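**Q** In the working numbering, the protein residues as written are 8 to 157.
Hints listed in this document are in silico derivations from the structure and should not be mistaken for laboratory results.
Listed below are the simulated SDA-like cross-link pairs for lysine to any residue, each with C-alpha atoms no more than 20 angstroms apart in a straight line:
#	residue 1	residue 2
1	K32	A120
2	K17	Q121
3	K126	L37
4	K155	V11
5	K17	G145
6	K127	D114
7	K68	P146
8	K127	V11
9	K127	N58
10	K155	E42
11	K55	I149
12	K17	M137
13	K32	P124
14	K155	R60
15	K32	S72
16	K55	L150
17	K110	E132
18	K17	I142
19	K17	E63
20	K55	V147
21	K47	N58
22	K127	L71
23	K127	D75
24	K55	L88
25	K47	M59
26	K127	L74
Note that the structure is a prediction, hence the values are computed from the model and not measured.
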Amino acid sequence: MRAVLQRVEKGSVTVEGNVIGEIGKGIMVLFGILENDDNKVIEYMLDKIINMRIFEDEAGKLNLSLLDIEGELLIVPNFTLYGDARKGRRPSYSSGASPATAKSIFDNLVTYAQTLPIKKVATGEFQADMKVEIINDGPVTILLDSEKNF
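Produce the entire structure from the sequences given, and follow the hints as far as they go.
**A** Written as structure tokens, this is what we have:
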């Protein structure tokens with residue numbers, strides 16, 4: 008599983024002109040999913056995300072987590088995170104999970120996130136044409152990979 012975290016002042020996802028998910032101060036995460044991602048991977052990634060110290064404390068140091076600031080989480084599926092653009096000019100997406108498997112894993116990810124002590128969890132829609140709007144805070148952007156490729 009891959010994730011791109013962005014610290015945001017606010018964020019929203021719109022599908023067919025309707026806002027389907029929105030948050031205030033917190034983290035917007037784009038998730039790419041592999042065929043073999045399981046509950047252990049989901050728990051690992053969400054634990055890293057909600058405890059990542061990317062928010063400023065009173066001294067201006069990045070010392071606080073999403074939980075510390077009682078922030079919100081916007082989870083957005085994004086299969087293009089597994090795009091391989093090393094050859095040619097058109098990325099290959101063959102290393103990502105199949106749509107049916109990825110949807111099941113994404114649903115499990117969202118369900119697990121909703122059990123965590125997060126003020127609010129909002130989501131995008133799997134396989135929808137989403138318009139994601141965020142106001143970056145910083146900007147602070149972090150890349151995570153469950154296989155620790157980076």
